[in-house]
Amino acid sequence: MNAALLLDAGLCLLILTAAVLAMTGRDLFGAIAFFIVYGILIALAWVRLEAVDVALAEAAIGAGLTGVLLIGAWSLLRRAGVSEAHELSHWGLRLVAGLASAATTVVLAAAVLALPPGREGLAPLVTERLADHGVSNPVTGVLLDFRAYDTLMESIVLLVALVAVWALTPASAWGGVPGMRQHARPDGVLAMFGRLLPPIGLVMAVYLVWAGSSQPGGAFQAGTVLAAVWLLVVMAGIYDEPPISSGLLRTALVAGPAVFLAIGIAGLGAGALLAYPDEYAYGLILLIEFTLTFSIGATLALLVAGRARRAA
Amino acid sequence: MSEFLLLAALFLLGTIALGFLRVHWGPSRADRIASAQLVGTGGVAMTLLLAAAGGNSAIIDVGLVLALLAAFAAVAFVKSTSADGAGDPEENDE
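Quick note, the sequences are listed as chains A and B, same order. In terms of our numbering, the first sequence has 30 at position 30, counting the first letter as 1, and numbering is strictly consecutive. Adding 1000 to a residue's 1-based position in the second sequence gives its number in our numbering.
Think of the hints as simulated: they come from the structure by calculation, not from any bench. It cannot be assumed that every hint is accurate.
Simulated coverage check for chain A against chain B, where a stretch passes if three residues somewhere in it have a Cβ under 8 Å from a Cβ of chain B [said to hold, decoys possible]:
{"no.": "1", "region": "3-12"}
{"no.": "2", "region": "71-81"}
{"no.": "3", "region": "144-150"}
{"no.": "4", "region": "187-199"}
{"no.": "5", "region": "272-280"}
{"no.": "6", "region": "291-300"}
We put the beta carbon where it would ideally sit given N, CA and C, even for glycine.
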């Protein structure tokens, strides 16, 4: 038995255990704790599969944002008098959710099994064509160049999700501020945390998006780190969330997709929608990546903050 | 050398598995979230070992992101234990 095989087998076993315990646990908070653990282990699994770009995204989403989102939701539910999962949903609803999840798993498994064995897929083609373009990380090349269309749509889908959350705002709070006003002891641990970590997170985000052009990294991972540190600033009570009617905020939200779309339309001059002229490809891709990072960060942070709850 | 590093990572995976016991049994919520943090710490250490074993320095970035963000769930938990859910337990320690 070699160590790599044992490590992979052990990792798979722990991932399955965490998933089962998260679903079957009787305690709602315990289920959330296992879901966070599951996210960390999945990031490790992506590392083992040598998909470091995906591992970065999973580490930022699974360890950073999802934990804050779920624990925040749990806290609100508990204050609303609901403490356990069985009080939340009818068994029929859970049955439908279970069947839908099982069906997704079956479809995914069928898709994986249907892949022709022993073929490299599109990887050689991507490596061959990447040389003509601006970036040397194949994942960024696919996301922002070969399949830029998908990425543009995804950045707009995030905005639509935020619009859906905002649509839940009651008329009395419309244009107001999301969440409760957070406060902390000014010289306490939390306030110190809220001042110490955000600058590190900011550097980390800039590094990730910059690194994305030549090695694993990119706008989504960097945007998630930005969103997480902004949430920390808010949770530490240092700054309040901006009102959702703020023009500056809305500009930040649409800047990424708008710049992406504008450059894509300008590509019509170079021959096709979303085609970059060869000599400017690197600069244009970086411009899109940086503005997308900013917008993705703002969108994710506001998705976690939820609908407006109080007047500005 | 890389075999030794992978064995060390396997040992860390074992400590993560032990952490599962506390996440599952608690008994208090703080026990559960603290052992979830322990899994995060073990995960950071594992990324560093895997980066060295595979000679891929980009894996260190995964460890950096985990190290920066793994504590956020604990912050959210600590806030949820304050009186109005938006405060900080230390505020009462005047």
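Okay, the hints, checked on the actual structure:
Check on the region 3-12 of chain A: 6 of its residues sit with their Cβ under 8 Å from a Cβ of chain B, so the three-residue criterion for coverage holds. Coverage of the region 71-81 of chain A by chain B holds in this model, with 7 residues showing a Cβ closer than 8 Å to a Cβ of that chain against a need of three. Coverage of a stretch by a chain is defined here by at least three residues with a beta carbon nearer than 8 Å to that chain's beta carbons; for the region 144-150 of chain A and chain B the count is 0, and the condition is violated. Given a C-beta distance limit of less than 8 Å, the hint that chain B covers the region 187-199 of chain A holds, as 6 residues qualify and 3 suffice.
Taking a C-beta to C-beta cut-off of 8 Å, the region 272-280 of chain A contributes 0 residues in contact with chain B, too few for the three needed, and the coverage statement is violated. Note: the region 291-300 of chain A has 0 residues with beta-carbon separation from chain B under 8 Å; the three-residue rule is not met and the coverage is violated.
Hint compliance for this structure: hints 3, 5 and 6 are not met, and every other hint is.
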